[in-house]
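Asker: This is what each chain is made of:
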Amino acid sequence: MGILPLPARETEGNTCDVDKYYMVDWVLPPTQLMDLRTAQRAIDEAGRRLTEEGHRVRCLHSTYVPAQRRWVCVFTASSAETIRKIHEIAQLPVPRVESALNLSLMDRLAS
Amino acid sequence: MSASKSASRAGNLPAELTSFIGRRHEIAEIKRLLSASRLVTLTGVGGAGKTRLSLRAAGDLQRAFSDGVWLVELAALEDQALLSQTIASTLGLHDRTARWPVPALAEYLSDKRLLLVLDNCEHLRNACAVLVDTVLHSAPGVHVLATSRQALGLTGEHIFQVPTMSMPEPERLPPPDALGQYEAVNLFVDRATAVRPDFELTAGNADTVVRICQRLDGIPLAIELTAVRLRALDLADIFDRLEDRFRLLTAGSPGVLPRHQTLRALIDWSNALCSEPESALWARLSVFSGGFDLAAAEAVCSDDTIPEADVVALLAALVDKSIVIADHQDGRLRYRLLETIRQYGLERLANDGDETAVRKRHRDYFVHLVERALTEWLSPDQEAWLTTLLREHNNLRTAFELCLAEPDPADTGTQMAGALWFFWIATGLTNEGRRWLERSLESNQRPSHARARALWVCGYLCTIQEDLAAARPMIAECRSHAEQLDDVNAAAWAVQLTGMIAMSDGDLAGARGTLSESLDQHRAIGGQMGILDTSFYLIVATALVGDLDRAVEVAEDAIALCDSLGERWLKSYMLWDLSLVAWQQSDYSRATASAMDGLRLAREFNEQWVIAFCFEILAWAAHGERAPVRAARLLGAADRLWRRIGAPLFGMRHLVTFHEQQQDQVRQALGGRRFDAELRDGTLMTTDDAIVLALNEREAVSEPTGSVRADATLTRREREVASLIADGLSNKEIATKLVIARRTAEAHVEHILGKLGFSSRSQVAAWVAEQRGVEMSTHEHR
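Taken in sequence, the protein lines are chains A and B.
For the first sequence, position 103 (counting from the first letter as 1) is numbered 103 according to our numbering, and the numbering increases by one without interruption.
So our numbering is basically just the index in the second sequence, starting at one, shifted up by 1000.
So here's chain A without its partners, still in its complex pose (with noise of 0.2 Å):
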């Protein structure tokens, strides 16, 4: 599947990373809505701290479809690896995370 990344940034090497896009999807069992906010807010503080320890990584943005119990998330980062590496640390279960494209970003670029 084909990559769209953001802007290159410029790291300490003076190489420049390239973030990718990433999608979670959850199918969650019957969920409280307070859950997906202790989750989320996991999620961030555990990309805040890896972030901090060099491995990029963000969570864009969350939504819940109440009708499917289904959570995605979009994610920024250097690789799968890391959002993976988030999960574990917030102790969520892993889930199985699939590169992703930017349509918007895309439009922007080619306009």
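Just so you know, these hints were derived from the structure itself, not from any lab.
Think of the CB as a built atom: it goes at the ideal place given N, C-alpha and C, for glycine as much as any other residue.
All clues given are correct.
Only part of the chain B face toward chain A is listed, based on derived beta-carbon distances under 8 Å:
(1) Gln1080
(2) Leu1083
(3) Ser1084
(4) Arg1099
(5) Trp1100
(6) Ala1106
(7) Ala1129
(8) Val1130
(9) Leu1131
(10) Asp1133
(11) Thr1134
(12) His1137
(13) Ser1138
(14) Ala1469
Following the hints, put chain B in place on chain A, whose structure we already have.
Answerer: Frame of chain A; chain B shown alone:
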């Protein structure tokens, strides 16, 4: 004592094995910091005494935390994904749902006032930090005291660097009777006299003792390891050997080693003073997590170089040298190594090239233990086996990690995960069980009997967690493997699970048919565990479709089998089943008797599902016998437990409907306000107190704890007066201070005593002190 830790005791701080020396200033400071912040982290090098200090300070604060002070030891935990489960099970939380453990834990703690001591966080720093951040955000009454070599790095964290112990300067040595003010000296003397009762600090040896403490930088662990050498060496020898060793490390210059190297040097020296077999045993014992017993040490550590017969003497020698700590747990001797010493041993083991062989023997020992437990589970030794497996929980985890890291042809990890099915259910460790099973199943997909068993066990756990979407494919795959391998046992369990899912879906008639089929299959192969387990669900399905006579038949057959085997855990389930049937038959007296019998057994195992179920039936029966107050309180007690377990009444619609109907009827009988009050009283009871109520083991109905009632009933003025009582004011002085009549002040005091259920002013003062604690902050964490 129940096999697993009782959830109703407020706290679990261990008793101290040795005397605690000094540290008064540090303890006071830690308590002050905990009053200013909800997160305090003790940092410092290994051996500085972080753990002992945290436990001591926490112990002093027990009265300030109405829900207790809880120690969670993390040194042996390698998998960060199990952190929240480890904390939850320490607190006695038996969540059997598929709910994520972090939010479940945060919710459980949200109305608690407790102190959590997280010991040895450094290797799980990020996971600990995220969890602590979540908990402090969700639970305003929780404080955390962590020990770690590095701070957690959270906003609002207060860091306390544990100093080494105080020492005099050798150049300005006070006389021996004045050396007692120095902690390092006191510690040395205390530990020395433990091994040599005739040891005394004198003018002749004080200088040497002080120099030894100086050489060891006042590090408590280093001092302890050195002092015990007086068993075999004299003081001058100890000093000379230390000097030689440190001279070597500092290349002859009298410079100072960094503190962490001092302890390392001292442990090296301790190791050098051991015989070669003792040193080798030290290294091999380091593979154990969370301690070990003699049988385990003999099995894992012996080989051609260390015969099994020699292990006990070598172990005793290591205990004498304080390398190994021995203490009694539940009447049995158990051994452990302090984490710093254990890590040293692991390094030595790796350097010796022995690590793989020893770890495999460790794995094999615990796999064998699990298989024995499974074989002997349906016996009078059930409770003992549950206690044993809980005691060895960390070792089981270590064995699992090796199985996953280095899979073997026998697929040992999958074998072990499946064999522990009763353990995952009896202890409420359903999430952890799933984790090991899912990882094992993913690591080896080859069809096998072990895989078939793991599939139905994992499917079982998913089903009781109501995660049917995960359960269904596992059951289907199990059925396929069972056919392929002609595995009749796995086939029978797959059918049972199909019946259990039908129950969850509300198809009681379908469930009954399928479960009957499964029972026939289990009977045909003589699978006693399957017979009993299927019977439990079949009885419920049969009763709920209205065939009560048949339900009783199945229950009585199952109970007869339990009795013939000496089995008690599943019997508690069957007795609950019988109580449900009797209640449906409006035979409230028999329902009560069966539920009480079930409750007594469930209490032995801390089997919280059955305890909660029995509270429900006893409440319903009490209503039937026109005892609405008892009914309301038991409903409250059940509600409290269901919130800890999740999935009230298995989520079964029929049972939930019964519950709602009963609750409405009891509310009508008592009136809304009275019902709410009695229900609330029930929810405020500890599990132990609720069991006492349920079993009528005390004449009077238990009252909830005084502090909680007082919070609800003292007026603002009364709280003011209570505070002045605690300050030591007389009634006359209170009246003067508040500008009220003396008679009014006296009336307030009488009301306070009555509402709190006290008989003296000193009790009021103690209560106020408890409420004040050490002026704990309950502000938002962020």
